[in-house]
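Chains P and V are the protein sequences, given in the same order.
Numbers 60 to 492, taken from this note's numbering, label the letters of the first sequence in order.
Numbers 1435 to 1770, taken from this note's numbering, label the letters of the second sequence in order.
Calculated from the structure, these hints are not laboratory results.
You may find that some hints are simply not true.
For lysine-lysine, the following DSS-like pairs were computed, each having C-alpha atoms within a straight-line distance of at most 25 Å [claimed, not checked]:
id, chain 1, residue 1, chain 2, residue 2
1, V, LYS1580, P, LYS115
2, P, LYS111, V, LYS1543
3, P, LYS177, V, LYS1580
4, P, LYS144, V, LYS1580
5, P, LYS177, V, LYS1761
6, V, LYS1761, P, LYS486
7, P, LYS108, V, LYS1721
8, V, LYS1580, P, LYS448
9, P, LYS316, P, LYS264
10, P, LYS144, V, LYS1721
Covered stretches of chain V (chain P as the covering partner; in silico rule of three or more C-beta atoms under 8 Å from a C-beta of chain P) [stated by the list, open to error]:
id, region
11, 1613 to 1626
12, 1730 to 1744
For every residue, glycine included, the Cβ atom is placed at its ideal position computed from N, Cα and C.
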Amino acid sequence: MTDFLAARSTMALSLGFHIIFACIGMTMPFLMVISHWFWLKRKDEVYLKLTKAWSKGVAIFFAIGAVSGTALSFELGLLWPGFMKHAGPIIGMPFSWEGTAFFVEAIFIGIFLYGWNKVNPYVHWISGLLVGISGIISGIFVVCANAWMNAPAGFDWVNGEAVNIDPFAAMFNPAWVSQTSHMTIAAFVATSFAVAGLHAFLLLKNRENKIHRKAIIIALSFGSIFAVLQPLSGDYSAKDVAKRQPIKLASMEGHFKTEKGAGLTIGGIPNEQTETTKFGIKIPYLLSFLAYGNFNSEVKGLDDFPRGNWPPVLIVHLAFQIMVACGFILAALGIFFWIFRFKWKDKLLSKRFLMITAICTPLGFIAVEAGWIVTEVGRQPWAIYNILKTVDSVTPVPGQVFHFSAFLVIYTILSIVAYWLMGRQIKVLDREG
Amino acid sequence: MLYVVIFFLLVSVYLYCLLGGADFGAGIVELTARGASKERTKNLVSESMAPIWEANHMWLIITVVILFNAFPAIYTQVSISLYIPLILLLIGIVLRGTAFTFRHYDAIKDDSQKVYSRIFAYSSLIVTFFFGLIIGALISGKITAKPGNFIEGYITPWLNIFSISVGIFLCTLFSFIASVYLIGDSTEESIRKEFIIKAKHTTIAMVISGGIVFIASFIEKADLVVQFFSHPVSITLIIIATLVLPVLWITLGKGLIWFSRVIAGAQLLFILGGFYAIYFPTIVKIKDGANLTLFNSAAPDVTLNYLGWALIIGSFIIFPSLFYLLKIFKFKTEEE
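So here's chain V without its partners, still in its complex pose:
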């Protein structure tokens, strides 16, 4: 059952990055829209995200619940060491969801719309950045179970070049996913063309910031570079991800919406998979002690059994319902 639970944990992290990431990325994309395209972008994002954003963000809850249920030592250590970025992440999540909904449901559409949009866009950026920062901090090797002072315990793990570079990378990654996914949501040719260009730009940004992550890890001695090149699985996956890029550009150019979405989703899988293949089963690298892994932090078998079954049964309820939701709101645009 441990493997079932691990599987669901990895799947929910992936789905959160894909679906929630598209959502956050949409806000970041709004931020970068200029002039006339700003209004079009906002409308597209509002319409596209409105019915599904709540469901998309559930994958975060599922991830957190699996962590505190099945891997309590990890949940606890991260809650302590990464307290500050987690609070800032939370504030961003609260502001983002409410700003987005208020923008849509304010009965009077006046200047308050600008305030909502600004909060939505900036908090999307903040959440994504801190999310990446936290991921980077987990594997930076700077988290300590026995901090000597406040800075060492609660600041250094996340306020370093490596973690920051991962934060920036995630912003480009989510913008990329959002750009690709938003293309298909619009029926206007001009908007589609605009987003195809955005998708290409964000791809380039992604590759550059990915490179920066490697450089940063070299500087901070987070040994990502060394580990990466000694893991054949990682190298393979990242090479595939890179080779798939030109394929994606071609399908985008040809207007193959669903094919492009699948490729972008696969790309995310290759990137996350390639990245995590290096570290599996470690989740938290501890500076001065044993790393916290999915195996050494696991809850007792009885807990894993109950959780495993809950997840299996739950997925028979959730996945068909989610498919139904997407069918109603997303599949129709193809036929129109």
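Just chain P, same shape as in the assembly:
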């Protein structure tokens, strides 16, 4: 493994690992706030037990998210000093705001987790709400920084240096709205459906458990709204990418030849040697329409760009297909949930519905990881799009494979331990419930 590949792998591992816990940290506070509210209003103890059960899991995930986030703040410099020396002064500001928001989050989660009997119940409830709100805010700020890498703004690049820096323009770059909205919705969808799936699995094993029933209703009610919004957000994002990073769009679509009235390829395997995408289902004119709103618009193909600047097309295309597929499945599941909720009430929480929900547990998170692969790998070979290449950003320190291996081992162990701990918490919950 070359040092460069190892460094990229380490970053991918660290980000891919952290994002799971960040999604959970952004969403769970809202699910808990809903459950907690029902407890305060209806005095139904099941909601209190649910909130407390959720908070015990959240505490574990929050800690893993916090330490893996700390690792990332160091790894930005450890792995990419060539990037940070330029990017730091330009895009550092959203990181400082993210720091403030996360600080508030850390403070109020301390109050929420440990302050049950120490503060007024409504103050306690508000702390939970503040954890969620500051989580969303910090997520938005940090994604602004990533958006900047795709849509660099707020500086002039002169002789390999950034001048005329405008941190405000950098933070609110052209991609900030599409990226932050898409990620926030993604976090909600992934977490809600995973929670619903977990409780569906548990409810199948223990049909009488009221806690699981309420959990599924809350999680699916919340998640389904966002699951249906996400394709719309995705459309907005893709149109944005079509405008700003046409080579990324071409890779996502496996679209090699520039053409007017371009068709949309669903599935398929792109081949960079032959410059074709085979085995896909092609829907004529749809790509032009979706990307530019006109059935006859010209959509640039990869052949319009120098070979050296192509991202890994196979990876980007497959990741994109996986993400969209997962997204549509969850949107469908969300729609069925509402139909069952109001029309076919006997089907709600039926065995088949629970099984499908349980099977869909990981889909949201698979979509999140696939989506990040699309946007990060799709931006290669650039660290800052069209300005600074990733290879020019990497650290000169050799032996990168050790850093990668160490964190691979640690994060794997942490994942296994987290899974094991969840199992133990569920065991105790079942005993008590």
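Chain P is fixed; fit chain V onto it per the hints.
Using the frame of chain P, we list chain V on its own:
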């Protein structure tokens, strides 16, 4: 605005050493607890740290963000030259936070508790040691911007007697802070007495290891000794820190919890301040080039302006919230 940013940088380093340091020190103190006191110590540490550890460690993030935002050349050079200790520090941070939380939140309390405790305690020690090692390396004068070989570039700056001695010193310093701060968190007289003794022991350890730092710097020609004695501010602060020690022992003996905490906090300020007064504004001493200072490594004014305002506004949000958190969990023990 540069001065505002520098102020916040120094404040967040201080607060990390105080609050995060108390946290790390608690783990080190657990390590040194023996026999029956081991169980009591673990319970005290768990209860005391649980609600506040995440917030305490945010000061590290704030420090790192200020560095890469406002002093990118420093952040970059340190990320390269001190790569190895930084990775080891990170591994320690990851293990420590997770072990601590798992210990508290494992629904079943069985033998796994011992594993968590061991990881928590040892990684607390490792993190503190490497943190000190890195600080020592920054001013050791062995960091080079143009290394001739791997050892010179990535090993020598931190693997030397001086840096190691600073690492050891920091372990005693954080243990000291933790001992003093943990006293007040317990309501049992026997535990309090135990920790008062620990506080006194760690003070002695601190003074001894501080002396070793001076000796090490003499051996390694890091010229700390010479610089120290030619800086009146440093000498004054260290003398005050030393004179305050007997005062602290008296307040500890009398059971004046909050007064002792304030004194310990002040001591930390005197020690860090006295130490840094020698080097200000240098952050990284470069062997074969210009030192990286807070002035020559600063980002453009526009960046500093935005950061400065972000920090000012942020502190109006953070400090009251932090005070509120501590009020809920720390101030009550006084009344009980």
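Against the structure, the hints:
no.: 1; hint: LYS1580(V) / LYS115(P); in the structure: violated (50 Å)
no.: 2; hint: LYS111(P) / LYS1543(V); in the structure: holds (18 Å)
no.: 3; hint: LYS177(P) / LYS1580(V); in the structure: violated (56 Å)
no.: 4; hint: LYS144(P) / LYS1580(V); in the structure: holds (17 Å)
no.: 5; hint: LYS177(P) / LYS1761(V); in the structure: holds (11 Å)
no.: 6; hint: LYS1761(V) / LYS486(P); in the structure: violated (35 Å)
no.: 7; hint: LYS108(P) / LYS1721(V); in the structure: violated (61 Å)
no.: 8; hint: LYS1580(V) / LYS448(P); in the structure: holds (23 Å)
no.: 9; hint: LYS316(P) / LYS264(P); in the structure: violated (53 Å)
no.: 10; hint: LYS144(P) / LYS1721(V); in the structure: holds (21 Å)
no.: 11; hint: 1613 to 1626; in the structure: violated (count 0)
no.: 12; hint: 1730 to 1744; in the structure: holds (count 7)
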